[in-house]
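Peer 1: Put together the whole structure using the sequences plus the hints.
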Amino acid sequence: MAVTDRVHGATRRRRVVDVAFRVGALTALALVIAPALWLVVGVVARAAPHWRWSVLTTLSAGTSGGLENAVAGTLVLMTGVALLAGVTGVLTGVYLAELASPRRSGRLGGAWARGAIDVLAGFPSIVLGYVGYVALCVALHWGFSLLAALLILSLMVVPYIAKATESALRQVPTSYREGAEALGMSQGYTLRRVVVRSALPGIVTGLLIALSVAGGETAPLLYTAGATNNLPTWSLLHQPVAYLTYYVWTDYNQPGLAAHVVSNDAALILVVMVLAMLVVARLIVSRSQRHTESAR
Amino acid sequence: MSTSRDNAPPSGTSAPAPARRDPSVRRAGRRRRQEDLAWRWGARIAAVLPLAGLGAVLVVLAVKAWPAVVVNGWGFVARSPWVPGNTYGAVVHTHGVAHPQGSLYGAWPLIAGTLETSLVAIVIAVPLALGTAFALTERVPAWIARPLGFLVEILAGLPSVVIGLWGVLEVGPFLARHVYPLVANTIPSVGPLRFLTGSVGYGEGLATSGVVLGLMIVPIIAATTRDLFLQVPALAKEGAEALGLTGAEVARRVTIPWVRGGIVGATVLGLGRALGETMAVAMISGSVLGKVSPNLYGTMTTIAATIVSQLDSAATDGTGFAVATLAEAGLIVAAIALVVNVVARRIVARTGRFTAPVGRG
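Heads up: the sequence lines are chains S and D, in that order.
Numbering-wise (this note's numbering), the first sequence opens with residue 1 and increments by one.
Numbering-wise (this note's numbering), the second sequence opens with residue 1001 and increments by one.
Since the hints were derived computationally from the structure, they do not count as laboratory data.
Please note: incorrect hints may appear among the correct ones.
Some but not every residue of chain D turned toward chain S, in silico, with C-beta under 7 Å [what the hints assert, rightly or not]:
hint	residue
1	Gly1157
2	Val1161
3	Leu1311
Among the chain S residues that face chain D by a calculated CB cut under 8 Å, a handful are [what the hints assert, rightly or not]:
hint	residue
4	Phe21
5	Gly24
6	Leu26
7	Ala34
8	Ala36
9	Thr88
10	Tyr95
11	Val134
12	Trp142
13	Tyr189
14	Tyr223
15	Val272
16	Leu275
Using N, Cα and C, we set each Cβ at its ideal position, and we do this for glycine too.
Peer 2: Written as structure tokens, this is what we have:
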């Protein structure tokens, strides 16, 4: 009798713990989802009452006016990063996955490149921005400029692209490479027509994520890209570039409704841009997954 | 193009003798060798660039910080004041380094603020992330887990300046009005718990920064943990369940021990992100220099936030000493983040791979 009581007590306690665990897990999920929704809805709700489409076609006047220059500048920066970091990152990923395998180049196997990328991926972005300012803008007399901003921003996002490329290339079946080799294709031709092509969804996804990060950065740009109310020019040096995050950061605690409207509008445009890129990246991933599954 | 390739010898780059007869085949072979070389050298050069960039960054930082290291000495990490001195007054020299009269810099409040906010963030993020990962893998049906998982990823992808704006305009005031008073008034004011009591302020400060940082790093930990949980073989879990273990016991005794290393690694990776986070903290912390927050809710600042908010005014110091001091602070945060990241990646690399997309600015 006493034994069964103890067993019943233990069972009840275990059941209570189990229920508490389930409730706790769901509560945690709710505590993460709710702020995410609150954040996105909050950005829209703050910008919506004063939203006018003309912000996209009006130049900024500092704490008032539109954001045409900032949108254009952010797009220019993202294009530049796509070229600079895109080429560097994809080729670095090719190096890590295809050329630096331990099989080919001894025990090291590109450890130095991988180490540099890992360290860069966790490097505080403001420190990169600081170095860009003191080294490129001041010491080299570039001033606030597109090139300084691009170099720093690219250095920051290269790890994302290299990592995504490497893991996409590693998922290409070895049989593809062996088949290509058996057909007498050279290594470069195999890379171009077989390996990189079948890894393309993963590479593009990594590129999109890197671009969404680059478009949302503030700290590396504040002291390299500078600030301007004008549209971006084609000159790489001595001309500051406007960008969206600057207006969020500068105008949110300036006095006056106009400044707050600029800040909130910039935040909304940023969120829409970033979400669009993340959704596209997600679609590419799920599409390519579906194809590989049906091919199997 | 295609015909010449079809005629090409089947043995890769080493062209056998008969092929030399046909000039088009020889041209194709040369082109293929050139393409091989282009790929190889292109990839090699590209792979050197991140390392070169990182090396340049560290050299610039060290060179720039050296005068500040000489003048500020070891006391820099223990002192509290942050006094730029009289930038229009006399220039004095210490150990041969020029700096404004009366300048005295200490990084202790910045270091303490960096560690405190990151600690709060980790304390909040780890249980939330583990619970989220469990709910997404075990408790919620797949058709709803997918969009919810995407929503969690979005939290990681949003620009930190937007998160900072939300934190300072909405989260801070909400917590200061509804949550902090509750905590501060119920907790007894004894011993170390005194840190959690006292004035709760208006929502800008240590607690709000920590909470928002915690939410920012939840996706990093949750995404990795979710992927790790999916790797745990169903057989082990089903076996444990067949032995009569409850869901909570399976989690505690089978699933979590199976992937513990990966969870620790992801947590340390999140910690690294929190330590280096700049914009959100610069907007939420209150940016108060020169003192450590007296309690959990007080205003403060971190190293990264100080660099971003002080570089502008530091540039007005004609001797360049203020800028050099910021480089020294940058070295400290870079060193902390570096150690944390290397440790995390060592652990993660041993247990699985990490793919969560995160911004940091």
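Peer 1: Would you settle whether the hint for Tyr189/S is holds or violated, based on the nearest Cβ-Cβ distance to chain D being less than 8 Å?
Peer 2: holds (6 Å)
Peer 1: Does Val272/S meet its interface restraint, that is, does its C-beta lie within less than 8 Å of any C-beta in chain D?
Peer 2: With a closest approach of 11 Å, the Val272/S hint is violated.
Peer 1: Just to be careful: measuring from the Cβ of Val1161/D to every Cβ in chain S, is the smallest value less than 7 Å?
Peer 2: Hint on Val1161/D: holds, closest Cβ of chain S at ~5 Å, below 7 Å.
Peer 1: Tell me if the interface restraint on Gly24/S is satisfied: Cβ within less than 8 Å of some Cβ in chain D.
Peer 2: holds (6 Å)
Peer 1: Next item in the hint list is Gly1157/D. Is there a CB on chain S closer than 7 Å to its CB?
Peer 2: Holds - the Cβ of Gly1157/D comes within 7 Å of chain S, reaching about 5 Å at its closest.
Peer 1: With a cut-off of 7 Å on the beta carbons, see whether Leu1311/D makes it to chain S.
Peer 2: Constraint on Leu1311/D satisfied, holds at 6 Å.
Peer 1: Just to be careful: measuring from the Cβ of Tyr223/S to every Cβ in chain D, is the smallest value less than 8 Å?
Peer 2: holds (6 Å)
Peer 1: Under the criterion of a CB-CB separation shorter than 8 Å, is Leu275/S in contact with chain D as hinted?
Peer 2: The hint holds - Leu275/S has a Cβ within 8 Å of chain D, the shortest such distance being about 7 Å.
Peer 1: At a threshold of 8 Å, is the proposed contact between Ala36/S and chain D supported by beta-carbon distances?
Peer 2: At about 5 Å, which falls below the 8 Å cut-off, the nearest Cβ of chain D leaves the hint on Ala36/S intact, so it holds.
Peer 1: Holds or violated: Ala34/S as interface residue toward chain D, Cβ cutoff 8 Å?
Peer 2: violated (10 Å)
Peer 1: The hint names Trp142/S as touching chain D; please verify it with the least Cβ-Cβ distance against 8 Å.
Peer 2: Violated - the Cβ of Trp142/S stays beyond 8 Å from chain D, reaching only about 14 Å at its closest.
Peer 1: The hint names Val134/S as touching chain D; please verify it with the least Cβ-Cβ distance against 8 Å.
Peer 2: holds (6 Å)
When held up to the earlier numbered hints, the structure conflicts with 7, 12, 15 and fits the remainder.
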